[in-house]
Amino acid sequence: MQKVRFTVSAWLALGLLTPVAVEAQDAPNTPPAASAQPSVQAISGVIKDSKSKQPIIGAVVTAKSGTTAITDDKGAFTLDVLPTDTINIDADGFEQAIAGPALSGTDLIITIAPLALIGDEVVQIKGRAPVPVSGGARLSRQELATVPGTGGDLLASLDVMPGVSLPVGPGGGQGIIIRGSAPQDSRFLLDGFDIPQLYHLFNRSIIPTQAVANLEFQPGAFDVKFGRASSGIISVTSRGGNEKTEAVSEVSLIDAYVLASGPINNKARYLASFRRSYVDAWLPSVVPKDAGLLTAPRYYDGIARIDWNNSAHWRTALTVVGSDDLTKLVRNDDQTDKEFGFSANTGFVRGIAAAYWTGPKGLTLDLGVSALTQRISFSVGEQYLNIRSMAFSTRAELAKRVESFGGLQDVAFRVGGEVEPKRTQLDLNLRRSDSKPQQDFMEDSTPRNRFDGTVNIQDLGTWATMEAGLSKTIRFTAGFRFDAFVRNAAYEVQPRGDITWKPTDKTKFRLAAGRYTRPPEYRDELLNKDIGPESSVQTAFGIEQKIGNEISVQGTLYDTERTGLVKRNTVGVYENQGRGRTFGAEVLATYRSDQIFAWLAYSLARSTQRDTASGKDYLFDFDQTNDLVIASTYKTRNGKWQFGARFNYSTGKPFTPITGAIFNSDIDGYIPINGDINSERFRAAHQLDLRIDHIWKLKDWSLSAFLDINNAYANAPVIQNQYNYDFSQRAEVEGLPILPSIGIKGEL
Amino acid sequence: MKRLAIQFALCMTLGLTSCVDLSQRWELDHARLLAVKLDVPALAPGQQATLTAVVVDDDGVASEIAPTVALVASQDPILAKTIAIQPGTWKVVAGSTESIAAARAALQIPADQPVRVQVGARFSFAGVERDAVKEVLLGEGPPPNPPPQNPVAPVLLLAGQPMTAASTAKIGDKVNFSFGNSTELADPMLSVQWAISTGKLTKSETNAATLELTTDSKIGPANIVVVIRNSIGGVSWSSAQLQITP
Chain A
1 MQKVRFTVSA WLALGLLTPV AVEAQDAPNT PPAASAQPSV QAISGVIKDS
51 KSKQPIIGAV VTAKSGTTAI TDDKGAFTLD VLPTDTINID ADGFEQAIAG
101 PALSGTDLII TIAPLALIGD EVVQIKGRAP VPVSGGARLS RQELATVPGT
151 GGDLLASLDV MPGVSLPVGP GGGQGIIIRG SAPQDSRFLL DGFDIPQLYH
201 LFNRSIIPTQ AVANLEFQPG AFDVKFGRAS SGIISVTSRG GNEKTEAVSE
251 VSLIDAYVLA SGPINNKARY LASFRRSYVD AWLPSVVPKD AGLLTAPRYY
301 DGIARIDWNN SAHWRTALTV VGSDDLTKLV RNDDQTDKEF GFSANTGFVR
351 GIAAAYWTGP KGLTLDLGVS ALTQRISFSV GEQYLNIRSM AFSTRAELAK
401 RVESFGGLQD VAFRVGGEVE PKRTQLDLNL RRSDSKPQQD FMEDSTPRNR
451 FDGTVNIQDL GTWATMEAGL SKTIRFTAGF RFDAFVRNAA YEVQPRGDIT
501 WKPTDKTKFR LAAGRYTRPP EYRDELLNKD IGPESSVQTA FGIEQKIGNE
551 ISVQGTLYDT ERTGLVKRNT VGVYENQGRG RTFGAEVLAT YRSDQIFAWL
601 AYSLARSTQR DTASGKDYLF DFDQTNDLVI ASTYKTRNGK WQFGARFNYS
651 TGKPFTPITG AIFNSDIDGY IPINGDINSE RFRAAHQLDL RIDHIWKLKD
701 WSLSAFLDIN NAYANAPVIQ NQYNYDFSQR AEVEGLPILP SIGIKGEL
Chain B
1001 MKRLAIQFAL CMTLGLTSCV DLSQRWELDH ARLLAVKLDV PALAPGQQAT
1051 LTAVVVDDDG VASEIAPTVA LVASQDPILA KTIAIQPGTW KVVAGSTESI
1101 AAARAALQIP ADQPVRVQVG ARFSFAGVER DAVKEVLLGE GPPPNPPPQN
1151 PVAPVLLLAG QPMTAASTAK IGDKVNFSFG NSTELADPML SVQWAISTGK
1201 LTKSETNAAT LELTTDSKIG PANIVVVIRN SIGGVSWSSA QLQITP
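Which chain is which? The protein sequence lines are A and B, in order. According to the working numbering, the first sequence holds residues 1 to 748 in order. According to the working numbering, the second sequence holds residues 1001 to 1246 in order.
Worth flagging that the hints you see were computed from the coordinates, not collected in a lab. Just so you know, these numbers come straight off a predicted model, no measurement behind them. Ideal Cβ positions, reconstructed from N, Cα and C, are used throughout, including at glycine. Each hint should be verified, as a subset may be incorrect.
To be verified - Heads up, simulated DSSO-like pairs for lysine-lysine below, C-alpha to C-alpha not over 30 Å straight-line:
1) A:K328 with B:K1200
2) A:K361 with A:K74
3) A:K338 with B:K1200
4) A:K338 with B:K1170
Said to hold, decoys possible - Cβ-Cβ distance ranges computed for the label pairs, FRET-style:
5) B:T1068 with A:A731: 28 to 38 Å
6) B:E1064 with A:E732: 30 to 40 Å
7) B:A1186 with A:V330: 21 to 31 Å
With these hints in hand, go ahead and build the complete structure from the sequences.
Below, the structure written as structure tokens:
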């Protein structure tokens, strides 16, 4: 038996996400002799999981010349190819891969990597992971990291997805807006556990691109294993080290990081990275000294991960991730002649220990324990907020797969549970978070919340689900999730399910629906344990269509009905009396060829809320009617240059105009009079981002450099309104008109 | 300037480029209210006081005017019964001892604290109408509370000397304003607001403000106003004219 092993570099073939290993058995590995008329030949083989070596059922194998096959229940396929063809392998839960050209033979064994090499919750059931529902996507690192305008930051490029935007201005940097919902309605997960902060200031993500194995984005109607969110899920899987030692360092105008990974021994691997910004090194030299900037925005983050292959059945991983942001300003107020201070300091450290067991007869078990410590300190003038939190989380999921059950095919069962006790020390003196007259940041006439004490939270969740095939083309998932928010004495049952019909190899329909809840644990919601969770009922219907080998189009219609929204009543006390609705349509189209990758994402949406069940609907703060992203990258044939451009257009954010003001003589200040809630909008935002990458390939390492220009034609977006002291004048506060980013990256 | 400082902080931390040029509280650049006052800021039962406002026109000339409308703004019906407002004369009349005592009891206001009732008023001047609210203090408690009266009108000083019709300053000067009321200056709770129709004023919320006259400053007469407030809602004001020369 002759075995030949070779790898195809991801970098050399656009669209290839991870290396793919191809083993040819009993077949010559030399390409057929060239001929003037390329002849079609049949190849056949088996697609296998590179880790478990199990066959992958339902993988789509597509030749560049256009023929397609789907692997059968033994993972086998047969395909007519040309000698020059490469073949693309696409399987749910696995990295997309390309093999060839010059494949031949009838006993090929092609192994492809799960989405995360180790410790990925996405890949739970032998090669068939829960797939993202309509509108969702698994995003590839290589493609997204080179999206223009992001400075090579994978997580910052999330806003290329339809219906997604990163908030800027006050409150920015802390969350993400998905389908017109508030940032706190969605969750960030790293290896299955909450990450309290995904972005630094300037919307730089806390996890370097090179430390991300994959990113699963689910804008709604997500699986039962995810809870405590009423909108969407962003699940990041950290990357384990490879079998080869690697080192990467990237230096840009804003920050620099180093990352190293590789084997420790034949059973263990590591990955570690550290990043620090140095805006604080140069900003003080360009800011006037009397501005009083003590500490310019500075952040650092780090992630370390160790993986062990303990035995044939057990794998374990230990991950520690942390982040810290600090800005401090003290200056003398030139009118009161008193010192004025502003400071913001946030940070967290999370440790995760995970174990993965693969047993006999299709049994798998995922276990995880995690500890989190978090710190938030914020003060501006006399307002302050100090939070210290400590949480210990445990989660487990048991899965069992059988070939048939009760007349159903390829059936998978999953049951799981999680516990998260959390202790939070709060010391705050803040304006009430949704006091509508707070258009001016520092007017002190609005009601305040003051609290100094400890809040103990116990959230528990459990879930069960079944995924099965009704036929070869129809599969469904049905399950439920039960959440107990003990502090609030709220117990929520949330049925969820979806059904997928795949009438042809290239067409897929999916209908998903479910109920979702978010506990009232955001900011000063913690001060009132008598309120309950917010909930939503989400419905999504999607169509995915592949056109040829290079174009994929996905369309989604969705509707989200929200109830129990936490709103203040007439005397200023929180109650679950609000209602809301978001509905819309999304289109996501991609084109991939050897040299070109193009992306079009469009979202049409409307998001409304009302303060009481019988109240008047108004546009929600994060409503965005139109959101269009067109992006493309082109790589030269020799792979040394890559050019990219992205255009983004989005409807302006709604705001409540101030139509007048009443003078309060006792405080010598003005009480603003608001117009209709969110009855006006900022002007639409649009910008063009450009990016150029150049790669030098040297003997043992490579060097790449990029120039990334955010907002190339300097059309500054409107961030917020600024009013003068008596609200008689209004001006638009704009964001950065242009932000170039230059970076150099070396890879060993 | 707290607002500007915050704005600057936001610029730095959130990547904004604002630093928007909006009119400042110390700029007398449009007609506006400077203060609402009662000639007796804290009333005993049955006592009355006249409601007026200190306003400036578009040129920064200050005057004191009567309202066109005034009413009790406090929504609580018990509080609303504690005062009455006489239309036309715009006198605020404190209620009886019993009505004030009833409000104190119903709202659990300590005996040494005044009952606070808010009045609202509309003022018409310089072609504009402006609305304002002010608290009336009823049944002021015993000492050590400050006496229930307005502060003495401030005596304006320019560079330490009383301002006169002949007071001048020239472009390029940096001059200091202050006032010489020794009793009021001893009150740590005193609130001060200076405003002027030209130049750039700093320390405008302190007892002594500084005016910087640059080439952008207007030549000719400039109006300066200072309003002082004590801790019981008492208000006094003074204004003067300063000749700006090249």
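Discussion item. Of all the hints numbered above, which does this structure not satisfy? Sort the numbers upward.
Written reply: Hint check: nothing fails, all pass.
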